[in-house]
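Novice: All chains, please: the whole structure from these sequences, using the hints.
Residue numbers (our numbering), protein chains in the order written: chain A, 7 to 187; chain B, 439 to 633.
There may be inaccurate statements among the hints.
[As the list claims (entries may be wrong)] Sample of chain A residues facing chain B (criterion: CB under 10 Å; computed from the structure):
| id | residue |
| --- | --- |
| 1 | PHE12 |
| 2 | ARG43 |
| 3 | PHE96 |
| 4 | LEU99 |
| 5 | GLU150 |
By construction, these hints were calculated from the structure, which means they are not laboratory data. Note that beta-carbon positions come from the ideal geometry of N, C-alpha and C, so glycine has one too.
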Amino acid sequence: MRKVLFATVLGLVGAALLHIIIILSLPQFTGRDAYTRVLGLLEMDSFFALTSTPGSTGLANDDPYLRAAVCSFSISDGPARFLASGSVPFWSLAVFDSNSNEVFSMNDHTAVNGKLDLVVATPIQLVELRKSPPEALAQSIMVEMKEQDGYAVLRAMAPVDSFEEQVRNFLAESSCEPFRR
Amino acid sequence: MFRIPFLVALALAIAFGGGIASAVWALKATVGFGSIAIGPWVAFPEAQTINADPYAKAHRARAGELLYGGAEGLMFSAQTDDKGQKLQATCSYDVTGLTPQARFWTLYAANADGLPLRPGSDLPSALNSWTVLRSENSNFTIHVSPNAQPDNWLAVRHAGTFRLVLTLLDTPTAGSSGLIDLAMPVITKTGCGDA
Numbered sequence: 007m008r009k010v011l012f013a014t015v016l017g018l019v020g021a022a023l024l025h026i027i028i029i030l031s032l033p034q035f036t037g038r039d040a041y042t043r044v045l046g047l048l049e050m051d052s053f054f055a056l057t058s059t060p061g062s063t064g065l066a067n068d069d070p071y072l073r074a075a076v077c078s079f080s081i082s083d084g085p086a087r088f089l090a091s092g093s094v095p096f097w098s099l100a101v102f103d104s105n106s107n108e109v110f111s112m113n114d115h116t117a118v119n120g121k122l123d124l125v126v127a128t129p130i131q132l133v134e135l136r137k138s139p140p141e142a143l144a145q146s147i148m149v150e151m152k153e154q155d156g157y158a159v160l161r162a163m164a165p166v167d168s169f170e171e172q173v174r175n176f177l178a179e180s181s182c183e184p185f186r187r
Numbered sequence: 439m440f441r442i443p444f445l446v447a448l449a450l451a452i453a454f455g456g457g458i459a460s461a462v463w464a465l466k467a468t469v470g471f472g473s474i475a476i477g478p479w480v481a482f483p484e485a486q487t488i489n490a491d492p493y494a495k496a497h498r499a500r501a502g503e504l505l506y507g508g509a510e511g512l513m514f515s516a517q518t519d520d521k522g523q524k525l526q527a528t529c530s531y532d533v534t535g536l537t538p539q540a541r542f543w544t545l546y547a548a549n550a551d552g553l554p555l556r557p558g559s560d561l562p563s564a565l566n567s568w569t570v571l572r573s574e575n576s577n578f579t580i581h582v583s584p585n586a587q588p589d590n591w592l593a594v595r596h597a598g599t600f601r602l603v604l605t606l607l608d609t610p611t612a613g614s615s616g617l618i619d620l621a622m623p624v625i626t627k628t629g630c631g632d633a
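Specialist: See below:
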């Protein structure tokens, strides 16, 4: 009887260990985290507008009034630049790394002139950019990102149906490209 | 004779069964620690950051949702009314009051997995701060009901329980720990069935 009790206690200790291991290692192998889903859209370096029904990778516009576009990017070869402009009641951008940790987020009130102009670079690339700032980036917001890969989410708001077209144009004209001098 | 193998099997069964079951349960039950609750409304302002706890990180990797950044907004969801009873799709509820300071807010009903309910394009399935009708003191009352209602009606066509999702966009509250003092709308049950 005592041996059964011992085995049960041992089992419970093992269960606690396994619980911790599963929780800590799960982010590495779910295969359906946000970054994998964005990569699954196969649209590197451009914003891909989501639909209201879940697409092939399960990403959708959850909020009925917000239209989102996603873009996966890599800054291993050079900085990435995000551009968007247009008149929508509200837009916001969030940049995440490949572990879905927020790197930077902003909205139209925190932008210069209400336009999106953001450069994401590694610390070394940022030093280069600061040493000899290119003319084109005079108004840009510079953000440092330690990881090489990530994704960005651009959201725009259509509070009433008549804004749909403006919002669609805003997302369609936005860009997410590698920056070259 | 089979005593030792039996004991080993028992220990292994408890370890693997218990470990896996408890991990799955923990990920289903909550989004993680670090929530802020105002009445029935719950939000996780740090779930998308690197400071999120391991449960929040595991949960977001499994759910694969596009979370809101700190400057974008903060999403509150309520699964119960103010008395703590689960929101039932056959019942009617009134959402009354004011939201914390924000440039915009949106409100919609979602199923248990957080996916928005779509009752049909001819029914009002969501409201926002532009379209909501307010009283003189700028408070609002939203009737969440399966039956047609005057003024602000949020139609729910669903079976079982649902949740209400209120997203505050560009809100100073997202980065503030003083959120506890802020007031959120009150959810009261007004009746069930066809009444």
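Novice: Against this structure, judge whether each hint is valid.
Specialist: Structure-based check of each hint:
Restraint check, PHE12(A) versus chain B: the minimum CB separation of about 8 Å is within 10 Å; hint holds. The interface hint given for ARG43(A) is met, as the beta carbon of that residue sits about 5 Å from the closest beta carbon of chain B, less than 10 Å. For PHE96(A), the interface hint holds, the least distance from its beta-carbon to any beta-carbon of chain B being 6 Å, beneath 10 Å. Because the beta carbon of LEU99(A) sits about 8 Å from the nearest beta carbon in chain B, less than 10 Å, this interface hint is met.
With 10 Å as the threshold, the beta carbon of GLU150(A) stays out of range of chain B, its nearest partner Cβ sitting at about 14 Å, so the hint is violated.
In the structure shown, a violation is registered for the earlier hint numbered 5 alone.
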